[in-house]
Structure formats: structure tokens, C-alpha cells
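Trainee: Protein chains in written order, with numbering that gives the first Met the number 0: chain A, 0 to 78; chain B, 0 to 78; chain C, 0 to 150; chain D, 0 to 150.
Bear in mind the hints are in silico, worked out from the structure with no lab data behind them.
No residue lacks a Cβ here, since even glycine has one placed at the ideal position from N, Cα and C.
Each hint should be verified, as a subset may be incorrect.
[As the list claims (entries may be wrong)] Below, a sample of chain C positions facing chain D; criterion: calculated Cβ distance under 10 angstroms:
id : residue
1  : Val-23
2  : Tyr-27
3  : Asn-36
4  : Thr-96
5  : Arg-108
6  : Tyr-126
7  : Ala-127
8  : Ser-131
Single-letter residue listing:
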Amino acid sequence: MVAVQIEYFAVLREHVGRAREDLTTTATTVGQLYAELDQRYAFPEVGRVKVAVNDEFRDWTAPLKDGDFVVFIPPVAGG
Amino acid sequence: MVAVQIEYFAVLREHVGRAREDLTTTATTVGQLYAELDQRYAFPEVGRVKVAVNDEFRDWTAPLKDGDFVVFIPPVAGG
Amino acid sequence: MSHFGFSREPFTPERFRALVADPVAGGYASFEGWVRNHNEGRGVIRLEYEGYEALGIKEGSRVVAEAFERFPIARAHCVHRLGVLDIGDLAVWVGVTAAHRDAAFAACRYIIDEVKSRVPIWKKEHYAEGDSGWINCEVRPADAPAGSVPP
Amino acid sequence: MSHFGFSREPFTPERFRALVADPVAGGYASFEGWVRNHNEGRGVIRLEYEGYEALGIKEGSRVVAEAFERFPIARAHCVHRLGVLDIGDLAVWVGVTAAHRDAAFAACRYIIDEVKSRVPIWKKEHYAEGDSGWINCEVRPADAPAGSVPP
Chain A
0 MVAVQIEYFA VLREHVGRAR EDLTTTATTV GQLYAELDQR YAFPEVGRVK VAVNDEFRDW
60 TAPLKDGDFV VFIPPVAGG
Chain B
0 MVAVQIEYFA VLREHVGRAR EDLTTTATTV GQLYAELDQR YAFPEVGRVK VAVNDEFRDW
60 TAPLKDGDFV VFIPPVAGG
Chain C
0 MSHFGFSREP FTPERFRALV ADPVAGGYAS FEGWVRNHNE GRGVIRLEYE GYEALGIKEG
60 SRVVAEAFER FPIARAHCVH RLGVLDIGDL AVWVGVTAAH RDAAFAACRY IIDEVKSRVP
120 IWKKEHYAEG DSGWINCEVR PADAPAGSVP P
Chain D
0 MSHFGFSREP FTPERFRALV ADPVAGGYAS FEGWVRNHNE GRGVIRLEYE GYEALGIKEG
60 SRVVAEAFER FPIARAHCVH RLGVLDIGDL AVWVGVTAAH RDAAFAACRY IIDEVKSRVP
120 IWKKEHYAEG DSGWINCEVR PADAPAGSVP P
């Protein structure tokens, strides 16, 4: 079990209904964490989502460590 | 014989020593006029010169008419 | 100093243009994204930009650093607005100086293209009809490729 | 109103940038030529621009009109300085707005390239050593192709 913090932005923030949550999880990768949250929230289909851990882009297979700060990144649209 | 006005710019103005001159000439084309002036002033070799008559680019074979305003255009360098 | 930043307040390009001034620079190329009154056939009345700022600054700065590696430029900077914007407001500014204009244009184009596709910024359009949508995130059923949502 | 002009006085881009603002415009691309402190390995201390204004305005306006024909742009304008300029001074400004940035960049590049090669403007560089020269007009004997001077 690891304790992590998650921040939601944009379409995911509005869907989940809050910007941040603290979570204790049995997930061992960020991909597993996403699957767990997707099951709970039924995230909207938004295309290819990326993930960042501690303010850096990571692969979905990246291990989840106690204290990690995780952000799921739906398709961006700057400019 | 036609009476024309000539304006010189940049390297030609400095070479000739004045910006404008009025001239009566037997030249019947702007090319002949250039040759006549080149003989008098020995224009510096500056590469490809163009010519404008009455504020429009013209060919060197353009006829010269009484009252024409002629400008010889050495290579440009805007920007 | 980072070469990429966010601004929560309206800004004018002049302030940041001064940052890229350089006596060796003969060319200054800039790009500004403005909020336009239409998108894909719909009337737009205002926009919201949301950014993941900590990662956005890192990724935006990487983009500008890549431009320095790829093109012989003197200086470069990019600033992106966040918050609520009206029609005509400045959303993003990119400025690049170089000895020659080839490099200035190429680097300016590189930066805006990469910033738009890589920096975690999201745009919500508010339409004349009263509805709104997150751009690039509103997948209609027909558009959604199976398995497109990871993992 | 013509889309090309000369300015005998220093000017800031803001004044002309406002001329190309347009609510349909999502992208604004601009280019500025600044007086740089070197050229072809020599130190430059100031510049002079001389223009054949009557023809220059016609030819510059034709260049901008061509950009409108070639690219889907909203507005475009170009202004060129004349007179004596110091290092860092603005020599030429081009601004283009369009719904999309592809067209804005392409048209901006087209305009500056064509203006530099076609509009009757001449540049005299004053060098740190005290001499000066008209750019593109100083043909050293080895450079001068036979018969290059018409007719």
C-alpha cells in the first residue's frame, strides 16, 4: 500500500468534481492507479492520456512510490 | 530630342553628386539614356541595374517620351 | 531564468520582446495566438486556459532549449496566458531573435508548434449557443478509437 | 489604405500591430528587422536607408497584395524605416494575421523576402573603422561579372 496525491486538470477535474485527492492504493504502477480510478470515476473518453509523476512525464509502467504526486494529462490544447 | 528628368538614389546619387537633373537628349529608349549618362559619369559597377519611368518599373527598351521622369535602380537592400 | 512562463494576467508583447533584444540580432520573428471568434464553424465568445504549471514550465523550457540546439538563434522566449480570455485577447506569445531571419522564423515556428502539442495546457471554448467544451478532449463516439484511453 | 508604408521617424510595432487586429484572426506572425552590430565579419555602428518612395509604396503594396492572393490571411501590413538608424533600431516591420498560423507564418515570410529583394530601398552601412558602403552595390573587381551593368 502506498499513499499518493493526485491532481486533476481540465476535463478530468470537472468530471471528478475536485482538483486534488489523497489516496492509499494497492496499485504498483501509475497505469494500475489509472485503471483503479477509471473504475471508480468512469473517466470520459478523451483520446490519449499521458501521466506525470512528481512533475515529470512518465511511462504508464512507472512504479508508484509512497508520497508520489500523480497527474493524468488529457490531450493538450495550448495556443 | 526629348526633355526628361532623372533622379539618382544611393550609390548613384553619391557618384553623380546630385539627386536630380533635367536633361535634353537624343536617346529614344531608357537604355540609350543610361548609356549616354554612363559615358558622361562612368557609373560605378554595381551589378544589375533596373530602371523606372514615371514611378513604374520598365524594360530597358522602353521608349523615352518628353516629360518622362526616369530613375535608375541599383541593387536594392531593404530590411 | 527560464525561457518559458505562464501569465495569469493579460500582458502585452512589448514587455517580453525587450527580453529577446540583442545587438547581434538582425531579425526578430514573433508569433501571437489570439482568441478568435470562431472555431470549426462555431461562434466562440470566450476561452479558458488551464495549465499544469510546474510541468508546463519544465516542458516549455525544454521546447525553447531544443530550439536553441536546432537553430542558430540569439534569444527566445515564450509566455502563455492562463485564465478567462475574451475575443482578441493574447493567448500565447513567442519571440525569437537571430542574426539572420531564416533561423528566427524556423525557431519561432518550432516553439509554437511544440508548445501547442506538448505543454500541459487545456483550452475550454465557450460558444455563442451557451455550451462549452474542452478542445481536443471532446471525443464523440464515432471519433473514439477503441482502446485509445490508456493503460 | 495602402498595406505598405515608409516611416522617416522611429516607430514602435504596437501602432501598426493594431492595424492588423481582426476578430477572425487566431494567429499573428510578425517579423522585425533590427540594425545589428555586425555584417559579414565587420563591426557596424549605424545604418542609413534611402528609399525611392513613390515606386517603393507601389511595389511594397504589390508584394502585400500577392501575399493576400497566395495565402488565406486576414490582414497584413509592412512598414520600412528611412533615414539614419542606430544599432538595435527597428528597420522594417511586417505583421500578418490569419485564422490559422500556417498562413500567417508563410505570408509574413513571403512579404519580408519579397520586400527585401524588390522594393527600391538602399542600405548604407557605416563601419567601426570609419568607412562605409552601400550594401549589394559595392562590387569588387573579382565579383563583377562582365556585362552585368545594363543596357
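Trainee: Next, verify each hint and record whether it holds.
Mentor: Taking the hints in turn, this is what the structure says about them:
no., hint, result
1, Val-23, "6 angstroms, holds"
2, Tyr-27, "4 angstroms, holds"
3, Asn-36, "4 angstroms, holds"
4, Thr-96, "8 angstroms, holds"
5, Arg-108, "6 angstroms, holds"
6, Tyr-126, "15 angstroms, violated"
7, Ala-127, "13 angstroms, violated"
8, Ser-131, "18 angstroms, violated"
The structure fails hints 6, 7, 8 (numbered hints given earlier, in ascending order).
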